[in-house]
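Asker: Fit chain B to the known structure of chain A by using the hints.
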Amino acid sequence: MSTLAVALTGNPNTGKSTIFNELTGARQKIGNWPGVTVDKKVGYTRYKDRAISIVDLPGTYSVNARSPEEKIVIDYLMNNKLDLVMDVVDSSNIERNLFLTVQLLEQGIPLLIDLNMQDDAARRGIKIDTKKLEEAIGMPVVETVGRSSKSTKKLLDVFTSTVMSKYHVSPQVQEHIDKVQAIQASSRSENEKEEAIIEARYALIDKIMAQAVDTGNVGQSMSEKIDHFLANGVLALPIFLLILYAVFQITFTWIGQPIADFLDDAINTQFVGFMEEFLTDAGVADWMVSLVCDGIISGVGAVLTFVPLIFVLFFCLSFLDGTGYMARIAFIMDPIMRRCGLTGKGVMPLMMGFGCGVPAIMGARALDSEKDRMVSILVTPFLTCGAKLPIMALFAAMFFPDNAANVVFAMYVIGMVMAIVVAKGLGSTVFKSKGSTFLLELPPYRMPDMKTVLLETWDKGKGYLIKAGTIIFAASVLLWVMTNYNFSGPAEIEDSILATIGGWMSHLFVFQGFDTWEAGAAVLSGIMAKETVVATIGILYGAGDVSTEAEDAADTASTMMQTGMATAFTSLSAFSFMVFSQLYTPCVTALGTIKKEAGGWKWVAFSAFYMFAIAWLVSLLVYQIGAMLGFA
Amino acid sequence: MATFIVGAIVAVGLYYALRHVYRNFRMGREDCCGGNCAACSGHCTGGRALPHKSA
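Sequences listed follow chains A and B, in order. Note that my numbering has the first sequence beginning at 1, numbered continuously upward. Note that my numbering has the second sequence beginning at 1, numbered continuously upward.
If we strip away everything but chain A, and leave its shape as in the complex, we get (with noise of 0.2 Å):
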């Protein structure tokens, strides 16, 4: 028997991906930001025998293919042969869902509705008779909850019991349909044309709306009720300051860092004595056991040591995201970005910017304008990253013990303050055109699903133990080899490669406080990959000064590492170095993401060097202000 080939669509945020995962078993994001799925995305599964493709197309409102989404959703749906496609409708927002439909229809394409959301439905008192429903359009329908697996399941049986071609639109569609024709073979403008079809489309949703939906009881919704307190004028703000330091305190201080020190023991003290005495025993060289202990493990480790801190934020982001708060924070910054010259709908690219500036970058495509991309994809590297938590992390814990969630907290918000202030230094002076409007659904608040809360954590998370494995652990061993050699061979530290470079570096630095050899290279491995920073703090500090003695080699590798580091910064050139950090030239992925995206070389240059040019500055402010002041 053929496969069953079947086609998801539907507005953005209806649940498609939530039962396209529950059908295939595939893992994909999952987000209550409109628009979340974008590419096509095929699953298999089988029942009663039967195979069965699904395809999860990406959300739109309409498919008039102005948008790249709309564009993929209707080339895919007119040239491919496809035996069923499901229309998922929000059944707590049906009216508005039901204008898709009616387009789908026009194009001619038979369709499964899918009432989904039907407990979001019902609570608000929204009453839809199926069968009505069925008449009013002459389609199938079918209810589902999007998160009730039961409920997704059921859908394998009316994929492989439903024969599309019994059915036919029903008479009030078909002469919708007419009307649409005769609009389009008219003589009028094209903008009438579009003002007379979208107003006979309402017309005929008004119609269906009234044939087999019972609005009567709609009051205000929970959502709505939430939203007078989360997202009114007075308290949006501070409650979305206050929400994000609750993140960073169980991150950082309640729940994410005890694991961290946890793993540092296992790893920096337990491990490495335990490896070092191995390896000695076995014979290995010493160059060789310092290569393992003092290179690769160390600089590993330094950056695995950070990752239940980056998966516990991430939990925490996903967990917003789930409820729906994500998207509120687009209006709650609105005007703030407005002040800007961008929109709130900026907001979003840059919050994907606290997980990885990369996807943050090109997620600059869905900004409608040109100016509002270009400023976005600049300033979006300015933000702290995940790769950049593991810097603040360990500069906070070891110089501000008792403060350190409030520091990192602080580099979150320098970070977020710079990229304000300069996307508003761009949009004045480069990139200057007018404002552009800001529409956007905000999805209902709900309970995030936990699975997609944790697939969706492992996914963005997973990301920092590959590269612990990759390139980290290959900067490691370049770190091992350039500490430790130096162009006529074997060096001690303070003469090898690493050390001129580095020396070389720490000269941009004096004013800063940190110009250390060690610090000038951290900084320059940073531009590879900013994990590396932590990993090259990690080798230099503690290759030097790890006993030879097994059994207390790993106890003194972890304490003389911070003991090393206590002496090259003070709390006050350590900030400063957090600031630099914080804001200097991205790493290579981002240049490359930025190259393509913003269209050229220059541009990488100018975030290359501008980036460099601010932090520099930034940073130069924080110490001399500081040393003012009178802070150590």
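Treat each hint with caution, since some may be false.
[Stated by the list, open to error] Pairwise CB distance ranges, derived in the manner of DEER restraints:
| # | chain 1 | residue 1 | chain 2 | residue 2 | range |
| --- | --- | --- | --- | --- | --- |
| 1 | B | L18 | A | A285 | 21 to 31 Å |
| 2 | B | Y16 | A | G489 | 57 to 67 Å |
| 3 | B | Y16 | A | N79 | 34 to 44 Å |
| 4 | B | L18 | A | E195 | 44 to 54 Å |
| 5 | A | N406 | B | V12 | 38 to 48 Å |
| 6 | A | F511 | B | I9 | 44 to 54 Å |
| 7 | A | D75 | B | V12 | 44 to 54 Å |
[Claimed, not checked] Pulled a few chain A residues facing chain B out of the computed Cβ check, cut under 10 Å:
| # | residue |
| --- | --- |
| 8 | A282 |
| 9 | L291 |
| 10 | I466 |
| 11 | V477 |
| 12 | T589 |
These are computed hints drawn from the structure, not numbers from a lab. C-beta atoms are modelled at their ideal positions from N, C-alpha and C, and glycine is treated no differently.
Answerer: Then chain B, alone, in the frame of chain A:
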């Protein structure tokens, strides 16, 4: 001999690490966003203008 074995393990690890980095570079992939940027294509933000209902 032990040094040679450990060196070989490190060399193999290094080869695979560099291969991964090189492939990521060639394909424009970044591990931080789930190992596959195509998963989101950077289009995770799609707030679009809704079609207006005529008066």
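Asker: Could you work out which earlier hints the structure fails to respect and list their numbers in ascending sequence?
Answerer: Those not satisfied are hints 2, 4.
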